[in-house]
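Visitor: Be aware that the sequence shown starts at 95, since it is given in this note's numbering, and climbs by one per residue.
If you are wondering where the hints come from, they were derived from the structure by calculation, not from laboratory data. Please note: incorrect hints may appear among the correct ones.
[As the list claims (entries may be wrong)] Okay, the calculated beta carbon distance ranges per label pair: (1) 122 with 156: 33 to 43 Å; (2) 149 with 118: 34 to 44 Å; (3) 141 with 120: 16 to 26 Å; (4) 146 with 113: 17 to 27 Å.
We treat Cβ as the ideally placed atom computed from N, Cα and C, and that holds for glycine.
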Amino acid sequence: MVSILAFLIGAVIIYGVTAKPSFLWNNYKVVRLRKTVGDSAAQKIHIVIGVIFIVIGIVKLFS
């Protein structure tokens with residue numbers, strides 16, 4: 095169960111960065127991060143976090 099949840103969280107984070115839907119990309123925490131580090135860096139940070147969640151999900155699935 096944890097593996098599926100981690101995989102879904104990672105997928106939603108990566109989707110939110112690549113597709114940039116307003117409900118994720120205009121979240122006040124994301125806007126604050128984008129203003130602090132810039133759009134490109136905020137994208138990279140979220141992609142890395144999403145990949146980490148997906149890797150955790152895959153590791154938990156096979157352990």
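Visitor: Now tell me if each hint is right for this structure.
Guide: Quick rundown of the hints versus the structure:
At about 37 Å, the CB distance of residue 122 to residue 156 agrees with the hint of 33 to 43 Å. Taking 34 to 44 Å as the suggested C-beta distance range, the pair residue 149 and residue 118 does not conform, at roughly 21 Å. Here the CB-CB span from residue 141 to residue 120 is close to 18 Å, well matched to the stated 16 to 26 Å. Our hint of 17 to 27 Å for residue 146 and residue 113 holds, since their Cβ atoms are close to 20 Å apart.
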